[in-house]
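Please model the complete structure; the sequences and the hints are all you need to start from.
Protein chains: 2
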Amino acid sequence: MVTIKDIANKLGIAVSTVSKGLNNASDISEEMRQLVLDTAIEMGYTSKKMKDSGNRKVCILIENMDYENIDQFGYEIIVGFKLAAARRKWDVHVVPTNLNMQTEEKYDTYMLRNNFSGAFLLGFTLHDDWVKQLNKTNFPTVLLDNYIERNPHVGYVGTDNYEGIDLAVNHLCKLGHKKIAFLNGSKNSMVSEQRRQAFVNSMIKHGLVPEEELIQYGYYVPDCAKDHVPSFLKKGATAIMCASDLIATGVMTEVSKHGLKIPDDISIVGFDDLPIASQLSPALTTIRQDRSDLGKSAFLLLDGLVHGVSTSKLLLRAKLITRESSGSAKY
Amino acid sequence: MVTIKDIANKLGIAVSTVSKGLNNASDISEEMRQLVLDTAIEMGYTSKKMKDSGNRKVCILIENMDYENIDQFGYEIIVGFKLAAARRKWDVHVVPTNLNMQTEEKYDTYMLRNNFSGAFLLGFTLHDDWVKQLNKTNFPTVLLDNYIERNPHVGYVGTDNYEGIDLAVNHLCKLGHKKIAFLNGSKNSMVSEQRRQAFVNSMIKHGLVPEEELIQYGYYVPDCAKDHVPSFLKKGATAIMCASDLIATGVMTEVSKHGLKIPDDISIVGFDDLPIASQLSPALTTIRQDRSDLGKSAFLLLDGLVHGVSTSKLLLRAKLITRESSGSAKY
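As they're listed, the protein sequences go chains H and S.
Taking UniProt numbering, the leading residue of the first sequence gets 1, the next gets one more, and so forth.
Taking UniProt numbering, the leading residue of the second sequence gets 1, the next gets one more, and so forth.
Everything labelled a hint here was simulated from the structure, so no lab data went into it.
Hints are not guaranteed to be accurate.
Identical copies carry no separate label here, and so any pair may be met within one copy or between two of them.
[Stated by the list, open to error] SDA-like mimics (lysine to any residue), calculated; alpha carbons at most 25 Å apart, straight line:
{"no.": "1", "residue 1": "K5", "residue 2": "T253"}
{"no.": "2", "residue 1": "K205", "residue 2": "V131"}
{"no.": "3", "residue 1": "K313", "residue 2": "V79"}
{"no.": "4", "residue 1": "K226", "residue 2": "M43"}
{"no.": "5", "residue 1": "K132", "residue 2": "N64"}
{"no.": "6", "residue 1": "K319", "residue 2": "H153"}
Dropping the structure here:
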């Protein structure tokens, strides 16, 4: 086990200076602090606090995801994680991040400097600096909806997108729909890519034709509907599968503008089952992601990583929630 | 919650008869017992014993897998599961099964009659009767290396085969091998199919050509080597990737018969890292499946299913263990 003394010896400086560097003291230079932190990380140093299983300190890092209100995607995930962590008396810090934070400091440095012994990352994409650094981190880290190859310290938790999309296509197919459009989330997201592939696979499996013009990337916001719904309708879509409930709300608005009735003229299916889904008019048929279980599972995975169990992926089942926005195909 | 009285009412028989049927009493007819059990399962009945979290009784069902000695594949999986279960005071029964058992009684009936509140299935294939029945079971069930679609009560635990095979191909590629053969396990196994696909993907990713004649299905026994190794050698393979350490032992024997030296003339890589791998001469380079962690993870997954957390898949990282059987390519 690497000690403060080892770091001091390697750098040829006093133990007290190393200690100051690790503990964020103000009376050493910024350069020296950085050198101490870099060396500590390189040598695989972990502080006593980080190893203390009695009161383990971990963080939930959040980038670009709403979580503060119960009707937002991240809320229940965080609650689920915290509930599971509380039973083990882990100290959980919820930290909203931003691009600046990621540019200013490396992931490992941030973790070490704050004595975090593990992290759960929400809303990050593969383009984020900290995610790019995860292929080499030694800090136990769980990512929602993103996968890092080969690093045994990093795990991925998410919902089974293949099964989720397949449930929706199967539902619409049974209702007689053949021309099914798919309005996806952002390009360059692992989840969007999985859902696109799942949609194509599932259409073929159900004997339907996945038409390229009916399969489009948008963004995970309602507003993206207006760019794609008009052409979906022009091309004769009788149902629109959406990659999130928020996208579905935009699609519902757009479809209404065209004077169409849901589900009489067109069926709409969402993804997530946010609280809003059941309150829409008509109530939204959707694919449920159990966000509380996602949080609990993320904790289990992180707990495993902390104890040397290298889980690469943990996927939860998706569930079809049938409400009023899907009905028999007209044609 | 369905009670014994509900079952009695539905069948129009006495509560005592239902009780006898559920508890395997000898003084009712076999037909009546079957009727009671079938009705109980259909109505979703669970006994008090099954719900008693204080002393939950679960089983590990084993079909066609060696597990009694420490050098066999199933041994550490079972130990890992039992260790994790012991902490929660679960009562774990290890039950070797056979085709007769599966033909004589349905899976659900077997579980209910024995008051098991969950099961971990090892060594089963998708062709087994009990596995075929899993798409409808309500009993929390975890399968090693097999996946059941859509049923929220059933989960799959295994090692990440894609990453495992990719690690091996990457290792051989770095050593300069281009003509890499792959001797797979049995056809009609999900794991074999994943590994075949992973091998093809990984060869392409590394700029190598996956030649059809160098990719063959065998069986998970050493003996299958003699059917394929001669033609691999004739076609100029400089390395043979094997889907298990046992297959690799057969390949080593066969290669030696042809007067070739390992690794000077040909490299061999196994899969599993059974205890035998390090004892072979030369010691076998292989892809490690952490069997103890597989058992522990199976427990975690089953514990989740029992408490309503529907995990569909949990995959552990594979790890490359470099020993003496792999070396630089000759050509």
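- Task: Compare the structure with the hints numbered earlier in the document and write down the numbers of the violated ones, lowest to highest.
- Result: Violated: hints 1, 4.
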